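> Chains A and B, in that order, give the protein sequences.
Under our numbering, the residue at position 277 of the first sequence is numbered 277, and the numbers go up by one with no gaps.
Under our numbering, the residue at position 156 of the second sequence is numbered 452, and the numbers go up by one with no gaps.
By construction, these hints were calculated from the structure, which means they are not laboratory data.
Hints should not be assumed to be uniformly reliable.
Stated by the list, open to error - Below, computed lysine to any residue pairings styled on SDA-like, alpha-carbon distance capped at 25 Å:
1. K385/B x S431/B
2. K385/B x R149/A
3. K385/B x R146/A
4. K385/B x G116/A
5. K385/B x F410/B
6. K385/B x L14/A
7. K385/B x F100/A
8. K481/B x M509/B
9. K385/B x V139/A
10. K481/B x M505/B
11. K385/B x L239/A
12. K385/B x N268/A
Just so it is clear, the structure is predicted and the values come from calculations on it, not from any experiment.
The primary structure of each chain is shown beneath.
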Amino acid sequence: MDTLDTLWAVYGNLVLTIGINALLALSIWLTLSCGLLAMANAAFMGLGAYAGALLTMRAGVPFPVALAGGMALPALVALVIGLPTLRLSGVYLAMATLGFGEVVRIGLINADSLTGGALGLNAIPQLTRWWHVVLALVVVLLVLWRMRRSRVGRAFEAIREDETAASLMGIGVMSHKMLAFCLGAAVAGLAGVLGAHLTFFIGPGEFGFERSVDILTMAILGGIGSLAGPVLGAAIITLLPELLRAFHDFRTMLNGAILVLIVLFLPNGLWDPARIRSWFVRRRPSGAAATPAGRP
Amino acid sequence: MLALDRVSKRFGGLAVLEDVSFAVPAGSVFGLIGPNGAGKTTVFNLVTGLLAPSSGSITLNDQALVGRRPHRITRLGVARTFQNIRVFKGLTLRDNVIVGMHSHLGYGVPQWLFSLPAFRAREARAVERAEELLSWVGLPGRGDAVAQDLSYGDQRKLELARALATEPRLLLLDEPVAGMNSGEKQELMVEIGNIAARGYTILLIEHDMRFVMGLCSRIAVLNFGRIIAEGSPETIRSDPAVIEAYLGRDE
Numbered sequence: 001m002d003t004l005d006t007l008w009a010v011y012g013n014l015v016l017t018i019g020i021n022a023l024l025a026l027s028i029w030l031t032l033s034c035g036l037l038a039m040a041n042a043a044f045m046g047l048g049a050y051a052g053a054l055l056t057m058r059a060g061v062p063f064p065v066a067l068a069g070g071m072a073l074p075a076l077v078a079l080v081i082g083l084p085t086l087r088l089s090g091v092y093l094a095m096a097t098l099g100f101g102e103v104v105r106i107g108l109i110n111a112d113s114l115t116g117g118a119l120g121l122n123a124i125p126q127l128t129r130w131w132h133v134v135l136a137l138v139v140v141l142l143v144l145w146r147m148r149r150s151r152v153g154r155a156f157e158a159i160r161e162d163e164t165a166a167s168l169m170g171i172g173v174m175s176h177k178m179l180a181f182c183l184g185a186a187v188a189g190l191a192g193v194l195g196a197h198l199t200f201f202i203g204p205g206e207f208g209f210e211r212s213v214d215i216l217t218m219a220i221l222g223g224i225g226s227l228a229g230p231v232l233g234a235a236i237i238t239l240l241p242e243l244l245r246a247f248h249d250f251r252t253m254l255n256g257a258i259l260v261l262i263v264l265f266l267p268n269g270l271w272d273p274a275r276i277r278s279w280f281v282r283r284r285p286s287g288a289a290a291t292p293a294g295r296p
Numbered sequence: 297m298l299a300l301d302r303v304s305k306r307f308g309g310l311a312v313l314e315d316v317s318f319a320v321p322a323g324s325v326f327g328l329i330g331p332n333g334a335g336k337t338t339v340f341n342l343v344t345g346l347l348a349p350s351s352g353s354i355t356l357n358d359q360a361l362v363g364r365r366p367h368r369i370t371r372l373g374v375a376r377t378f379q380n381i382r383v384f385k386g387l388t389l390r391d392n393v394i395v396g397m398h399s400h401l402g403y404g405v406p407q408w409l410f411s412l413p414a415f416r417a418r419e420a421r422a423v424e425r426a427e428e429l430l431s432w433v434g435l436p437g438r439g440d441a442v443a444q445d446l447s448y449g450d451q452r453k454l455e456l457a458r459a460l461a462t463e464p465r466l467l468l469l470d471e472p473v474a475g476m477n478s479g480e481k482q483e484l485m486v487e488i489g490n491i492a493a494r495g496y497t498i499l500l501i502e503h504d505m506r507f508v509m510g511l512c513s514r515i516a517v518l519n520f521g522r523i524i525a526e527g528s529p530e531t532i533r534s535d536p537a538v539i540e541a542y543l544g545r546d547e
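Please construct the entire structure, taking both the sequences and the accompanying hints into account.
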């Protein structure tokens, strides 16, 4: 038991960070599954983190209330900024949402009486337990899994495939995009509150452009064809820098090189059920007949 | 059922449709023909709400369609297929058709979230109905195939099944047999005839004259954005203005 405790003391934070990053990857998966390249998730995470932290620190509310508040605020903001921006498509939406992210970051810096400005918020009570993260991830995964199998999930797929054709199937395109955007914002906010009450400190720099790109990378790297993809991508993006510690100064370079290789050779992401199935199908006949002949 | 009254559409200075009026009676198969660029597809885009007319009114059973958004018009009972096929390529045939049932599945969030009996019953019904519609258009038992693996002709049939899934009263078919060989054309002609016999009203655009003359009870001819003739296939065939539009005039 002692070794386990030591292991947890060393790596516990890392495991929980994977869980929080998985939530973030799933939050952007929601909009991606609708064909929307929205890059506002880091900002939504930040809004959630600040809202949650201020609720527990200043208002002294119980943790569940802070969680609810940290999800509701980004969802509401998403509703407001979604109205004009979700009409945009492709890179234009990405640019608009990145711009929004900068507005949030600069807003957090300038509202220093409330947010602590560039210094951030310190001494956030460490209320996040390991099972909070696990429960949040399981609940989000369950809801998304059920959604994919319902008419809502099918509508998302149809919109991603062909927006015009989807609207002529009786699908309200705008309302479904808005749903994906707001749900994604709420999940990102949830990750923000959990993260803030895990790390003791939050600052505006954590929720900027780099974080946005990280979140997108996790989802794309893992693969957006399934729910397992973003979770896997989050695990890899979180673990890779740790595993490469031995390489010291070359760490970030190697990290980047590995990502480039994966994207080059596995364009649908690591978790691509169709490709895995095709390996399986091809291997069986080759295992029976071709292997002896194929051996050198 | 569908009535267009002096509908005009201008893109900037270009008048694509001018004072187009015609009425599609309930239960009929109505043909809209005309040379390339006459504005036929624009008529479909106006009826389905993808474009707004510059002037004029479009009504479905006396309900105004102008100003309604496309998904609302679909829910009123108008479905269409596209000249340039627009199936959901990455989805299976079954899912393509079930997407068409979107507004008829009628279950709410708790039902799908907790997989309640109502949800499961509706979904099972949808799967059954999808198989039925696929067999109507001549794709029986192909539900598990992915749409992009289908031949051109089969994708057109899939679009037809998907349009039928929206439970339309009026079906708009934009060149349903374009790019098909004569065997496939014959087959689809029979299938569309069967669909019409089930009580659907059909408005179709087509270049293939044998197909149009064989299926339609009434035909309107569009040339340079104006209706130049309307009537039964026999009158259209002998109409001098139509012959001129298609074959040109003797000098």
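> Indicate, hint by hint, whether the structure satisfies it.
To see whether the hints hold, each was checked on the structure:
The straight-line distance between the Cα atoms of K385/B and S431/B is roughly 19 Å, inside the 25 Å bound, and the hint therefore holds. Of the pairs offered as hints, the one joining K385/B and R149/A holds, with about 18 Å between alpha carbons and a cut-off of 25 Å not exceeded. Among the hinted pairs, K385/B with R146/A is consistent with the structure: their alpha-carbon atoms are about 23 Å apart, no more than 25 Å. For the hint linking K385/B to G116/A, the alpha-carbon distance of about 50 Å lies beyond 25 Å, and the restraint is violated.
Pair hint K385/B plus F410/B does not hold up; C-alpha atoms about 30 Å apart against a cutoff of 25 Å. At most 25 Å may separate the alpha-carbon atoms for a hinted pair to count; K385/B and L14/A exceed this at roughly 40 Å. Taking the CA atoms of K385/B and F100/A, the gap is about 33 Å. The hint is violated against a cut of 25 Å. As the CA atoms of K481/B and M509/B are separated by approximately 13 Å, the hinted pair is consistent with the 25 Å bound.
A hinted pair counts as satisfied when its Cα atoms are at most 25 Å apart, and K385/B with V139/A does not qualify at roughly 31 Å. At most 25 Å may separate the alpha-carbon atoms for a hinted pair to count; K481/B and M505/B meet this at roughly 12 Å. Among the hinted pairs, K385/B with L239/A is inconsistent with the structure: their alpha-carbon atoms are about 36 Å apart, more than 25 Å. Proposed proximity of K385/B and N268/A is supported: the alpha carbons are some 16 Å apart, at most 25 Å.
Comparing the model with each earlier hint shows violations of hints 4, 5, 6, 7, 9, 11; every other hint is respected.
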